[in-house]
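Novice: Work the whole structure out from these sequences, hints included.
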Amino acid sequence: NAGVTQTPKFRVLKTGQSMTLLCAQDMNHEYMYWYRQDPGMGLRLIHYSVGEGTTAKGEVPDGYNVSRLKKQNFLLGLESAAPSQTSVYFCASSYSLAGGPLDEQYFGPGTRLTVT
Amino acid sequence: GENVEQHPSTLSVQEGDSAVIKCTYSDSASNYFPWYKQELGKGPQLIIDIRSNVGEKKDQRIAVTLNKTAKHFSLHITETQPEDSAVYFCAASITPGGGADGLTFGKGTHLIIQP
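Chains as they are written, first to last, in my numbering: chain A, 13 to 128; chain B, 100 to 214.
Don't take every hint at face value.
[What the hints assert, rightly or not] Calculated pairs, DSS-like style, for lysine-lysine (alpha carbon to alpha carbon, straight line, at most 27 Å):
(1) B:Lys141 <-> A:Lys82
(2) B:Lys167 <-> B:Lys136
(3) B:Lys206 <-> B:Lys136
(4) B:Lys141 <-> A:Lys83
[Unchecked claim] Restraint-style ranges between C-beta atoms, simulated for each label pair:
(5) B:Thr177 <-> A:Leu81: 43 to 51 Å
(6) A:Thr32 <-> B:His106: 32 to 40 Å
(7) A:Gln84 <-> B:Gly140: 21 to 29 Å
(8) A:Ser96 <-> B:Gln113: 35 to 43 Å
(9) A:Pro73 <-> B:Gly140: 22 to 30 Å
(10) B:Gln159 <-> A:Asn85: 32 to 40 Å
(11) B:Gly140 <-> A:Glu42: 24 to 32 Å
(12) A:Glu91 <-> B:Gln159: 45 to 53 Å
(13) B:Leu145 <-> A:Gln29: 31 to 39 Å
(14) A:Gln29 <-> B:Asn152: 42 to 50 Å
(15) B:Gln113 <-> A:Thr32: 42 to 50 Å
Just so you know, these hints were derived from the structure itself, not from any lab.
Just so you know, even glycine gets a beta-carbon here, dropped at the ideal spot from N, CA and C.
Specialist: Shown next as structure tokens:
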């Protein structure tokens, strides 16, 4: 049971380049999330998914797209990278909306992205 | 939307002393309040959470208190140890697990345990 994994761990892009960050979870979770973490800003939600084939915008969605073609995978895309997207990106997943001990959000180890 | 304020941004305590981190939230509909610990180079990990139907929860050296009237909640760590050094985040959500809108996080507290 690997939990939540993220690929790649580090990446450097030039302005205008594109890339896709991959998140995978093996816990059969319905909900998946992408956050970005910037110094002094905490974690901010970019996009999330409530199930396979569904996605929705979070607090800071501009410049990003996502897809959830398979339940276990959640992809975050940057079509034209900008220096403002330099950040650490975290993926997370949770079981469901229901109450109880299964609602914990599990985070991946993060992807450090630098856009020059 | 929800807004979560966290204080202090940095907290330095002597090993063995207690540490308290405080958060306030704005949306009275929020009913789930988790605390995450993030060690250097790792993702956040849940250490304790509390739901709106209780005022306090304890787990060994860690406790969380919630005051829904005042809309604030706090993390208490007693008998601090070097391994408690990390960044701690509070968060709030209307739905357990974050649900449709995910979690709204505070900006974090860097806890430093001095030997």
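Novice: All hints, please: hold or fail.
Specialist: These are the hints, each one checked on the structure:
At roughly 25 Å between alpha-carbon atoms, Lys141 of chain B and Lys82 of chain A fall within 27 Å of each other, so this suggested pair holds. Annotation: proposed proximity of Lys167 of chain B to Lys136 of chain B holds, straight-line Cα distance about 23 Å (limit 27 Å). A C-alpha spacing of about 12 Å is found between Lys206 of chain B and Lys136 of chain B, which places the hinted pair at or below 27 Å, so the restraint holds. Pair hint Lys141 of chain B plus Lys83 of chain A holds up; C-alpha atoms about 24 Å apart against a cutoff of 27 Å.
Between Thr177 of chain B and Leu81 of chain A the CB atoms are about 47 Å apart, so this pair conforms to the stated range of 43 to 51 Å. Between Thr32 of chain A and His106 of chain B the CB atoms are about 37 Å apart, so this pair conforms to the stated range of 32 to 40 Å. Between Gln84 of chain A and Gly140 of chain B the C-beta distance comes to about 25 Å, which sits within the given range of 21 to 29 Å. At roughly 40 Å, the beta carbons of Ser96 of chain A and Gln113 of chain B sit within the given window of 35 to 43 Å.
Roughly 27 Å separates the CB atoms of Pro73 of chain A and Gly140 of chain B, a value that falls within the hinted 22 to 30 Å. Checked against the hint of 32 to 40 Å, the pair Gln159 of chain B and Asn85 of chain A passes, with Cβ atoms roughly 36 Å apart. Distance hint check for Gly140 of chain B and Glu42 of chain A: the Cβ-Cβ separation is about 29 Å, which falls inside the suggested range of 24 to 32 Å. As the Cβ distance of Glu91 of chain A to Gln159 of chain B is approximately 47 Å, the hint placing it in 45 to 53 Å holds.
Take Leu145 of chain B and Gln29 of chain A: their Cβ atoms lie about 35 Å apart, and the range 31 to 39 Å holds. For the pair Gln29 of chain A and Asn152 of chain B, the supplied restraint of 42 to 50 Å holds, since their beta-carbon distance comes to about 49 Å. Distance hint for Gln113 of chain B and Thr32 of chain A: a CB-CB separation of about 47 Å, consistent with the stated range 42 to 50 Å.
No hint from the list above goes unmet by this structure.
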